[in-house]
Each structure stands twice: as structure tokens, then as C-alpha cells.
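Protein chains: 2
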Amino acid sequence: MGKYIFLIVCFGILWLSFSCGQPQNVLASHPENGLDDPLPSWKEGKAKEAVLDFVRNTTDSSHTDFVKPPDRIACFDNDGTLWSEQPIYFQLAFALDEIKRKAPQHPEWKTQQPFQAVLEDDHSSLMASGEKGLANLMSESHSGMTAAEYDASVKAWLVTATHPVTGKKYNEMVFQPMLELLEFLRSNGYKTFIVSGGGIDFMRAWVEEAYDIPPYQVVGSMGGYEYRFSEGEASLQKLPEMVFNDDKAAKPIGIHRAIGKIPVFAAGNSDGDFEMLQYTTTASGPRFGMLIHHTDSIREFGYDRKGHIGVLNKGLDSAAFYNWQVVDMAKDWKQIFPNGDFP
Amino acid sequence: MGKYIFLIVCFGILWLSFSCGQPQNVLASHPENGLDDPLPSWKEGKAKEAVLDFVRNTTDSSHTDFVKPPDRIACFDNDGTLWSEQPIYFQLAFALDEIKRKAPQHPEWKTQQPFQAVLEDDHSSLMASGEKGLANLMSESHSGMTAAEYDASVKAWLVTATHPVTGKKYNEMVFQPMLELLEFLRSNGYKTFIVSGGGIDFMRAWVEEAYDIPPYQVVGSMGGYEYRFSEGEASLQKLPEMVFNDDKAAKPIGIHRAIGKIPVFAAGNSDGDFEMLQYTTTASGPRFGMLIHHTDSIREFGYDRKGHIGVLNKGLDSAAFYNWQVVDMAKDWKQIFPNGDFP
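Here the protein sequences line up with chains A and B, keeping their order. If you're matching positions, the first sequence starts at 1 in the working numbering and goes up one per residue. If you're matching positions, the second sequence starts at 344 in the working numbering and goes up one per residue.
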């Protein structure tokens with residue numbers, strides 16, 4: 001539930017940050033490395049070389065770092081690692097839009113906080129509603145419906161909603177270099193999993209199309225469900241309580257529960273991923289830890305040690321000790337977004 | 344926790360059943376259907392034909408029942424569906440043996456129930472210890488160690504422990520016809536999952552080898568975990584509390600949590616699988632529900648409507664209504680166990 005506190009502060013960031021960190025209209029760089037480069041959006045350098053070496057070695061049966069195919073498990077955080085997460089987690093943007101969409105059926109929300117604040121874009125009242133208020137918003141937008149209905153609502157939102165800074169659709173704000181990395185790993189026998197603090201049903205509505213990752217390879221935070229069977233139809237009702245918050249020290253637990261093997265490769269971008277990387281890279285045998293460092297305030301958002309989303313402090317301090325590869329988005333990536341770095 | 348009540352009564356069955364239902368020493372039938380029969384241990388008949396037809400149709404892109412490969416999800420219960428479950432769940436047999444193995448480090452158990460009862464094979468005292476006593480036994484054998492240590496203990500147990508009736512090793516008591524069915528489905532683009540009330544860590548210790556099902560395709564009951572990092576080593580400590588009991592109406596929930604798609608094919612054998620089959624087969628599109636009916640008291644164990652493990656009552660009553668295929672083990676299977684039907 002600590003996540004909610006994070007999220008509350010994010011509201012402040014949402015409105016404050018519209019004036020800073022706005023990407024410039026830079027034309028997308030195009031790959032210049034020829035057809036045989038599996039990572040064309042990655043600039044030549046230590047990060048790219050380290051990834052290529054690791055995958056080459058772990059798939060070479062004559063190498064001491066060879067990893068048998070069944071053990072080739074790669075885990076990726078989602079928010080800030082596979083797609084953007086600023087100025088607020090995109091799932092929270094969905095929640096706010098859902099409240100607005102449902103408002104006509106809830107006239108009482110006009111005078112009831114925190115709903116009134118959402119409807120009036122009144123961020124100070126929204127922040128004043130505190131953790132309980134935000135929990136209400138999340139609950140209202142993420143429960144009280146079937147899993148199938150929720151899935152449809154996320155899919156519908158993604159069709160029309162646009163990001164307040166880039167103007168892109170949210171699922172266009174995935175990272176092109178990470179798409180290439182996912183595909184490169186898969187083409188070398190790795191199974192790619194998402195291990196995110198985001199809601200599992202929220203992600204599953206779009207990640208199969210976006211990342212080619214099937215729903216059974218998505219690990220995330222979860223609410224409760226109730227099985228119902230009525231008039232010949234089965235359904236899973238989404239309940240308001242949170243039963244698993246897949247963040248920080250819970251990430252290794254989420255990995256064990258859902259995957260049952262220690263990953264060989266793990267990538268994250270914030271201190272919420274610290275334990276996942278630690279769990280991965282301190283295990284015996286060859287392991288790779290990657291931290292995406294948001295250094296690019298021109299093409300994406302620049303942030304790390306400060307702020308209220310995606311703070312990367314402990315990770316930066318410990319990267320050398322654990323031999324984690326820090327990826328500098330500004331320096332290591334030719335291109336950020338698949339359809340060009342600005343609309 | 345209702346499962347514990349089941350298990351307690353099973354102790355009675357354990358000792359009572361040694362005198363009945365003992366398999367005869369029948370030589371294994373060998374496939375006579377030629378190399379191109381994907382289900383050689385299945386006798387010709389309605390059950391086999393229904394499976395062959397379903398898989399043929401759902402993988403034929405010109406057929407109205409065609410299912411796209413990403414949606415080809417098949418879920419199998421484990422106890423009584425993929426391997427035997429009599430006279431007690433094999434996981435409970437493990438728990439009892441673990442108590443005996445650990446006894447030298449616990450001299451106090453000699454006079455402390457329910458441990459004393461286990462050590463003395465005193466089933467009346469064991470049953471008298473009730474649900475709480477059994478919970479103690481399960482907890483003592485399934486927590487207070489790391490996930491890796493637990494995994495090693497299950498693997499070690501399987502090497503030496505033998506079934507009280509057949510004398511086989513427990514993991515030799517998987518069902519040959521179901522191994523063929525799993526492989527047949529996989530060779531037709533289906534992903535095969537286990538969805539069992541059994542403990543997820545217990546199953547993962549051996550199912551990859553037994554069924555060719557990787558740990559991330561195993562859904563089961565789960566206890567809690569605590570992530571620890573000490574002296575450079577990460578571990579997951581297994582906690583005594585149960586956090587998910589993957590049985591009955593929780594099976595569709597377990598499927599949704601872990602898989603995120605409604606299965607196309609589901610197989611079970613007891614009323615604990617009722618909701619899984621209902622959830623599967625009432626969804627739109629082509630679906631297949633299978634119930635393994637334990638009719639073979641010669642080669643395996645004969646049971647259905649009565650008893651305290653694997654009761655199949657509601658399922659038999661509803662099979663025709665839901666169009667579930669009941670597999671009669673005595674009539675539909677040429678052979679039960681892979682290494683022959685008796686040691």
C-alpha cells in the first residue's frame with residue numbers, strides 16, 4: 001500500500017511537470033548498422049557490447065557461461081523499463097480517465113471527494129484526500145466489474161487516450177531499444193517475462209501486442225477475485241482489496257510464485273527493482289543485471305535520485321558493486337520510441 | 344483450509360485401504376496402433392475419438408472450431424488426473440516422511456502430538472489431533488526453510504520413497520495415457536499447464552522431468568515467502584501461512600492469476616475440478632472438458648462418489664449437461680503407468 005503514497009505525490013508532479021522535461025521534436029534516428037545488428041537502436045558502446053557478449057556466451061555450448069535453454073529466463077520491469085512512466089504512472093492516468101468516463105452514472109461524484117477533485121482537475125483537493133482517497137479512485141476504476149469488462153475498458157482507453165506531454169498514445173510510448181532487446185533474447189532461446197508493480201490485468205490488456213509477451217508471462221500486482229456462475233455464464237469479479245503488491249522485496253517472491261526459477265537476466269529502472277536485480281545477479285552462474293537510467297530530458301524524461309516516481313538511488317550506488325549494467329538512455333539509445341521520438 | 348479436513352480423514356483411508364484395491368501384477372499393454380497413433384495407450388472408443396477430433400478441428404485453419412495458437416491453453420489437474428492420489432495425496436506422504444526424517448533433530452517430538460503419532464504410526468492419535476494437528480505437520484514439513492532447501496528435500500524424497508501399495512516410486516505413478524495426451528496437445532501448438540490444489544513448490548520439484556511442463560506453467564496452492572539477503576546470498580524463506588488454496592472455485596482464479604486466458608482444454612478428476620471445467624467449457628468458442636474416472640481397481644484404484652480423496656459426484660452428475668468427456672480408466676486405457684502396470 002506504500003505505493004499509494006507514491007502515487008498521491010505523483011499528482012503534484014503531474015501538474016508541475018507539464019512545463020519541464022518536454023521532448024523536442026527530434027526526428028527518429030534510423031538504424032545504420034546493417035541487417036545483422038540485433039540491436040539497431042542501441043549505439044555502439046559498453047552497454048550494447050555487454051548485452052551482446054552475455055547472450056553470445058550463454059548460448060554457446062562450448063562456453064563456460066553456457067546456460068541450458070530451459071533456464072534462460074529474462075525478467076523485465078515495465079513502468080520506466082519497457083515504457084515511460086512520467087509524469088504519472090500510465091495506469092493512474094487510466095484510473096483518472098475512468099472516473100471521468102463513469103461520472104455520468106455517478107451524479108453524486110460531483111460533490112463527493114476525491115471524485116469531485118478528479119472531475120474538476122482540482123489537484124490540491126485530490127492530494128488532500130490522501131492515501132484513502134487515492135485507494136478509492138483505484139478501487140472504483142479497478143474493481144466492481146468482471147475481469148473481462150476491465151480488460152475491455154483498458155483496451156478502449158488505449159485507443160483514444162493520449163499522453164499529456166508527447167501527445168502519443170500511451171502504448172506508443174514503449175521503448176524501441178527494449179523491444180529489440182526482448183526479441184533478441186527470445187531469438188536466443190530466452191523466455192521473456194514482465195515483473196512489474198503495475199496491475200497484472202492492466203498490463204495483460206495490451207502487452208501481448210506491444211511486446212509479444214503472452215499473458216502467462218506477465219507478473220504484476222493483483223487484487224482479489226471472486227468466481228461467479230450465473231445463467232450459464234462464468235465470470236471473475238474483480239474485488240477491491242489488493243492481495244499482492246509486486247514491488248521491491250516482493251518482486252523476487254512474485255518471480256518465484258509465477259516463474260519458479262531464478263532469472264538469468266533482469267532489467268529494471270528504479271529502486272523498486274533493486275531486490276529483483278539482487279536476487280537475480282547474486283545467484284550462482286552467469287547472470288545479467290540492467291538498470292535503465294532516465295538521462296534523456298530531451299527525448300523522454302530526465303530523472304533518477306530525486307522525484308516521486310522511478311527513483312533510482314540505491315541502484316546507482318550499488319550498480320558497480322553488483323556489476324549491473326547501467327544504460328544511459330541519452331548516450332546509449334539512438335531512438336526512444338518506435339514511431340519516432342516525437343509525434 | 345477445508346483441504347486439511349479432507350486430509351485428516353485420509354489418514355483413516357491410508358491404513359484401511361491397504362487391504363483393498365491392490366493392483367494385480369498385470370503386464371503392461373503395448374501400443375498396437377502403429378507409429379502414427381499419437382495416443383497409443385488409449386483404446387479405440389468415444390473418449391479417444393473425441394480428443395483426436397477436437398485437436399484436429401481446433402488446429403485446422405479451415406475448420407469453424409479453429410483456435411489460434413496463442414489461445415491454445417490446456418489445463419490439467421495433477422492429483423488423480425496426471426498421477427495417482429491414493430491412498431493419500433502423495434504430498435501428504437512426503438510430509439509424514441519428512442517428519443520422520445527430521446525427528447532426530449527434534450527429540451521433543453517423541454512426546455509431542457501430532458509428531459509422536461507420526462513417529463509411532465499411531466493413526467488414531469493422529470486423527471485425534473484434528474485439523475490443527477495436520478496443519479502443524481504440513482507447516483513443519485513445508486516451511487521454516489528456503490525454497491531451494493525445500494526443493495532439494497522433495498527431490499531427495501522422490502529418489503527413495505516408494506508407494507505403499509504398488510511399491511513404485513511416486514513419480515513413476517504418472518499416467519502413461521496422460522503423458523501421451525500432454526505431448527499430443529503440445530505437438531499441436533497447445534501450451535500445457537498444471538492447475539492443482541497441490542503445493543506449487545512440491546510439484547515444481549519433479550513435474551518438469553515427469554511431464555515436460557516447466558515451472559512457470561505450474562499453478563498450485565501456495566504458502567507465503569519472505570525475501571532475505573544475508574552474507575551476499577539471496578533466499579526465499581518459506582513461511583507457514585497458506586496464501587492461496589488452489590481448489591474448487593479458486594481454480595478459475597488461479598488460472599486467471601497465472602495464465603490470464605480462459606483455457607480451451609481442461610482435465611480433472613474430482614469435484615475440486617468442477618469450477619475449472621465449468622469456467623473452461625462455458626466460455627464461447629470450442630472447448631473441451633475431460634474427467635478422469637477412476638474405475639480401475641485392478642491396475643490402479645477404484646473410486647468416485649464416495650471416499651475422502653478425489654470424490655467425483657457433482658462432476659459425474661453434470662458431465663452430460665456440460666458435455667464433458669468422462670474417461671473410464673478401466674475401459675479407455677490400455678496401460679496406466681509408464682513402466683508397466685506393476686513393478
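Keep in mind the hints are simulated off the structure, nothing from the lab. Any given hint could be a false lead.
Stated by the list, open to error - Facing chain A, according to a computed beta carbon distance under 10 Å, are these residues of chain B, among others: (1) Met488; (2) Ala490; (3) Glu569; (4) Pro583; (5) Lys591; (6) Ile602; (7) Ala626; (8) Lys649.
Said to hold, decoys possible - Partial chain A-side listing against chain B, Cβ under 8 Å, derived: (9) Phe229; (10) Glu231; (11) Pro252; (12) Gly285.
What the hints assert, rightly or not - Covered stretches of chain A, as calculated for chain B (at least 3 residues, CB under 8 Å): (13) 160-173; (14) 232-239; (15) 259-272.
Note that the Cβ used here is the ideal one computed from N, Cα and C, for glycine as well.
Outcome of the hint check:
1. Met488: violated (14 Å)
2. Ala490: holds (6 Å)
3. Glu569: This interface hint holds because 8 Å falls under the 10 Å limit.
4. Pro583: violated (15 Å)
5. Lys591: holds (9 Å)
6. Ile602: holds (5 Å)
7. Ala626: holds (7 Å)
8. Lys649: Violated. Min distance 26 Å.
9. Phe229: holds (6 Å)
10. Glu231: Check failed: Cβ of A:Glu231 comes no nearer than 10 Å to chain B, outside 8 Å.
11. Pro252: Holds, about 5 Å.
12. Gly285: Hint on A:Gly285: violated, closest Cβ of chain B at ~13 Å, above 8 Å.
13. 160-173: violated (count 0)
14. 232-239: Since three or more residues must qualify, the claim that chain B covers the segment 232-239 of chain A holds, with 4 doing so at under 8 Å.
15. 259-272: holds (count 3)
Hints 1, 4, 8, 10, 12, 13 from the list above are not met by this structure, while the remaining hints are.
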